[in-house]
Amino acid sequence: MLKPDWLRVKAPQRERIGAVADLLVDLKLNTVCQEASCPNIGECFAGGTATFLIMGPGCTRACPYCDIDFDKSVRALDPTEPERLGEAVARMGLSHVVITSVNRDDLDDGGASQFVACIAEVRRRSPGTTIELLIPDFCGNWQALAAVMEGAPEVLNHNIETVPRLYRQVRPQGMYGRSLELLQRVRHGWPRTYTKSGLMVGLGETDAEVVAVLGDLRAHWVDIVTIGQYLSPGPRHLQVQRFVTPGQFDGFKATGEEELGFLQVVSSPLTRSSYHAGEVQRLMRQHPR
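Quick note on the numbering used here: the sequence shown kicks off at 452 and runs consecutively.
Note that these hints are calculated values from the structure, not bench results. What you were told as hints is all true, and nothing was included just to trick you.
Derived Cβ-Cβ restraints for the label pairs, each shown as a range:
1. Q692 - D456: 18 to 26 Å
2. P697 - Q737: 19 to 27 Å
3. L528 - K454: 34 to 42 Å
4. G544 - Q692: 36 to 44 Å
5. R736 - M626: 32 to 40 Å
6. S546 - W672: 22 to 30 Å
7. P623 - V525: 15 to 23 Å
8. E632 - L528: 20 to 28 Å
9. D529 - A705: 39 to 47 Å
10. M452 - R669: 29 to 37 Å
Subject to a maximum C-alpha distance of 25 Å in a straight line, what follows is the list of computed SDA-like cross-link-like pairs (lysine to any residue):
11. K454 - L617
12. K479 - R574
13. K704 - G628
14. K454 - L682
15. K479 - A527
16. K479 - A568
17. K704 - Q692
18. K454 - E660
19. K454 - T657
20. K479 - E538
21. K704 - E660
22. K523 - G625
23. K523 - G685
24. K704 - R616
25. K523 - R629
26. K479 - L558
27. K454 - H688
28. K454 - P686
29. K454 - G655
30. K479 - G544
31. K704 - H671
32. K523 - L617
33. K479 - K523
34. K479 - D529
35. K479 - R535
36. K704 - P455
37. K704 - G655
38. K479 - S564
39. K523 - G591
40. K454 - S683
What you are looking at is a predicted structure, and each value in this text was computed from that prediction instead of being measured. Just so it is clear, CB atoms sit at the ideal spot from N, CA and C, and this is done for glycine as well.
Construct all of the structure, not just a fragment, from the sequences and the given hints.
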């Protein structure tokens, strides 16, 4: 299936991504921008932003849409990673940072302690930087979730990814209801934190199913949603079933913001979970908590 014109982006040039890429190599850090083959890497790296991927690069889940390597082995956490991440944030002068992780189901707390340590190091080195976490579901370990939330991230993101009908195919180790519960627990337990979620389209869902997911997310008190076109990383991954038009993406945004009441819906073919994440600071000023 050929990509339509609205999905064609120029390959990132070395001079656009070089400084950030060199810093990441120097500090031995991973980014989801690189590991997940994000199409926006050139734009974000050129702007001095990145979404840091901790506890990786291998993931203990083998979701068939994802380009991150599968590794189910038991691995110790790197105690130097939080300090190196904090240094990277300081050296890049970030006003807003996104920290995500691979799934680490081999760990009792799913890696919650590493998130906490990373928050602490960023706050120590860059106290004015706002922090957004994009977390896994911790297999429903709500004590692990509470430990992370006690670090008081400004934004907590957990992606719903797809519609319930496709969960077994797209996200076989995930549970739609569990993800909704996680998001609701965050909002109820830590009401000052802004909650966020995202989903991909083009995997075989209908527009009506997307709108139904938006309704579920809003019913569970999610504030911000991202919606983007799924692009298959390769022949061994799930293939694209349809290309959603820019007009359809605009329709999702209008429904979410004007009818359902989300603070923001970022919806476009190239939108990804952390695309233009720094805009959340504007929302925080407009809707203070």
